[in-house]
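In order, the protein sequences belong to chains S, Z, W and G.
Following full-length UniProt numbering, the numbering of the first sequence begins with 1 at its first residue and continues without gaps.
Following full-length UniProt numbering, the numbering of the second sequence begins with 1 at its first residue and continues without gaps.
Following full-length UniProt numbering, the numbering of the third sequence begins with 1 at its first residue and continues without gaps.
Following full-length UniProt numbering, the numbering of the fourth sequence begins with 1 at its first residue and continues without gaps.
Wrong hints could be hidden among the right ones.
Given that identical chains are not distinguished, each listed pair holds provided it fits within a single copy or across any two copies.
[Stated by the list, open to error] In silico BS3-like cross-links for lysine-lysine, where the CA-CA straight-line distance does not exceed 25 Å: (1) Lys49 with Lys93; (2) Lys105 with Lys19; (3) Lys78 with Lys3; (4) Lys3 with Lys19; (5) Lys3 with Lys27; (6) Lys114 with Lys78; (7) Lys3 with Lys93; (8) Lys3 with Lys114; (9) Lys27 with Lys49; (10) Lys93 with Lys27; (11) Lys27 with Lys77; (12) Lys27 with Lys114; (13) Lys114 with Lys93; (14) Lys3 with Lys118.
To be clear, the hints were calculated from the coordinates, so they are not data collected in a lab.
4 protein chains.
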Amino acid sequence: MIKDDFIQFLEEGNLSIPKFLLSNYTKLGLNETEFILLLHIHSFLESGKTFPTPMEIADLMTISPSDCMETIRHLLKKGYLTISDEMDELNIKYERYSLQPLWEKMIQYMMERKQIEKIQHTEEEEV
Amino acid sequence: MIKDDFIQFLEEGNLSIPKFLLSNYTKLGLNETEFILLLHIHSFLESGKTFPTPMEIADLMTISPSDCMETIRHLLKKGYLTISDEMDELNIKYERYSLQPLWEKMIQYMMERKQIEKIQHTEEEEV
Amino acid sequence: MIKDDFIQFLEEGNLSIPKFLLSNYTKLGLNETEFILLLHIHSFLESGKTFPTPMEIADLMTISPSDCMETIRHLLKKGYLTISDEMDELNIKYERYSLQPLWEKMIQYMMERKQIEKIQHTEEEEV
Amino acid sequence: MIKDDFIQFLEEGNLSIPKFLLSNYTKLGLNETEFILLLHIHSFLESGKTFPTPMEIADLMTISPSDCMETIRHLLKKGYLTISDEMDELNIKYERYSLQPLWEKMIQYMMERKQIEKIQHTEEEEV
Chain S
1 MIKDDFIQFL EEGNLSIPKF LLSNYTKLGL NETEFILLLH IHSFLESGKT FPTPMEIADL
61 MTISPSDCME TIRHLLKKGY LTISDEMDEL NIKYERYSLQ PLWEKMIQYM MERKQIEKIQ
121 HTEEEEV
Chain Z
1 MIKDDFIQFL EEGNLSIPKF LLSNYTKLGL NETEFILLLH IHSFLESGKT FPTPMEIADL
61 MTISPSDCME TIRHLLKKGY LTISDEMDEL NIKYERYSLQ PLWEKMIQYM MERKQIEKIQ
121 HTEEEEV
Chain W
1 MIKDDFIQFL EEGNLSIPKF LLSNYTKLGL NETEFILLLH IHSFLESGKT FPTPMEIADL
61 MTISPSDCME TIRHLLKKGY LTISDEMDEL NIKYERYSLQ PLWEKMIQYM MERKQIEKIQ
121 HTEEEEV
Chain G
1 MIKDDFIQFL EEGNLSIPKF LLSNYTKLGL NETEFILLLH IHSFLESGKT FPTPMEIADL
61 MTISPSDCME TIRHLLKKGY LTISDEMDEL NIKYERYSLQ PLWEKMIQYM MERKQIEKIQ
121 HTEEEEV
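Let the sequences and hints guide you as you build the complete structure.
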């Protein structure tokens with residue numbers, strides 16, 4: 001029995017999270033609930049479910065569907081998440097979440113951090 | 001400049017989370033803060049830091065060091081995490097966190113779930 | 001320009017390979033070409049392309065399409081790979097590769113290895 | 001018994017490979033054997049073994065230790081791999097492999113590809 005569970009587990013696979021993102025989500029302005037919510041959307045996207053409902057996401061979390069919807073709204077507004085209109089092979093329109101704004105914020109932070117470190121370094125040398 | 005950031009990002013690498021765990025941490029009795037805290041410990045372990053302080057972990061989260069220590073205590077007590085005594089090559093003792101209890105709880109849940117599904121299925125057939 | 005490349009790179013994501021599989025593919029009877037070919041199929045499956053052609057796979061490798069087809073045939077015959085018939089939401093049949101036989105072989109090997117280690121251990125104790 | 005195997009498997013963890021690298025290693029000038037050899041070094045590095053011997057690597061592959069050494073030499077010479085001198089906490093020198101040159105080649109290829117696509121696009125428009 002456990003062998004079948006193991007195979008199913010392997011078929012489900014893994015979600016890869018950049019360690020840089022895991023170490024810096026708070027610096028990007030996210031709290032734990034928001035970060036995990038984005039991970040759930042990431043995971044849904046990877047398994048081909050491009051527009052999960054707040055209900056489906058909340059089902060995997062300790063928050064209520066209405067809190068989940070509120071958090072999604074907040075993430076959309078603050079620019080961590082976006083919804084794009086796509087067209088499938090049969091020319092049927094569908095909506096999908098995209099995490100592209102999150103990646104942009106992460107890269108932005110990377111670059112600013114380097115800038116700040118450089119300035120601090122220069123100031124220390126001048127003192 | 002961004003090229004160097006990109007290389008550093010690649011060198012840091014990724015943390016792989018089983019999708020089964022991501023979808024079921026609430027069923028294992030964990031909330032978002034506790035789950036993320038375990039992910040941080042997982043990430044520290046992978047980069048060779050076997051016993052991060054509550055301060056070091058809290059630094060990556062939105063919680064205070066004392067709340068972090070409290071949560072770690074709770075996770076140790078409830079059996080999601082353990083501390084083991086190890087010996088390095090120079091026979092110097094050191095402590096390290098282990099996530100083995102978490103994996104055990106996950107496997108246990110996998111097996112019980114199957115059992116429950118089977119019972120429900122039998123009952124439905126009998127009705 | 002490199003920022004856009006970076007985002008595209010992040011959107012493509014990662015393939016997670018169990019370290020146990022990476023360390024033991026030769027013990028499962030696979031050579032490097034066969035193992036990489038299975039990784040390519042794994043990656044295609046994850047990105048929703050369930051039945052890549054030998055041409056599409058060979059395009060990512062140093063082998064010719066006909067050698068690729070030959071290797072796929074070999075992997076199917078030796079039981080590392082299987083093709084299953086599926087039905088989509090519109091009741092249209094399609095074929096997809098499945099790596100389930102590979103996972104089964106891996107688990108089988110895990111269990112046999114333990115058995116062999118146990119026997120060796122008993123024999124050593126008896127001597 | 002299989003439960004313990006499963007836990008051990010989870011503790012070993014996964015190696016994350018960027019899908020972009022998996023799809024483009026041939027364009028970077030690598031064949032399957034060379035690519036897998038780099039993945040083995042990557043995996044050794046992640047588990048804290050910074051300078052595995054050709055013997056230890058060959059042991060996980062279908063090639064002989066001398067072929068393995070030859071391939072490593074080739075990868076060092078062609079700039080996919082480098083050896084750096086490091087110092088541990090006790091001021092003892094040690095050598096470690098670094099995959100930084102591989103990441104540099106990958107980023108280089110990303111940028112050139114974009115350049116080439118752009119030129120082709122301009123030429124097409126001009127025709």
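Broken hints, numbered, in rising order? The structure conflicts with hints 7, 10 and 13, although it agrees with all the remaining ones.
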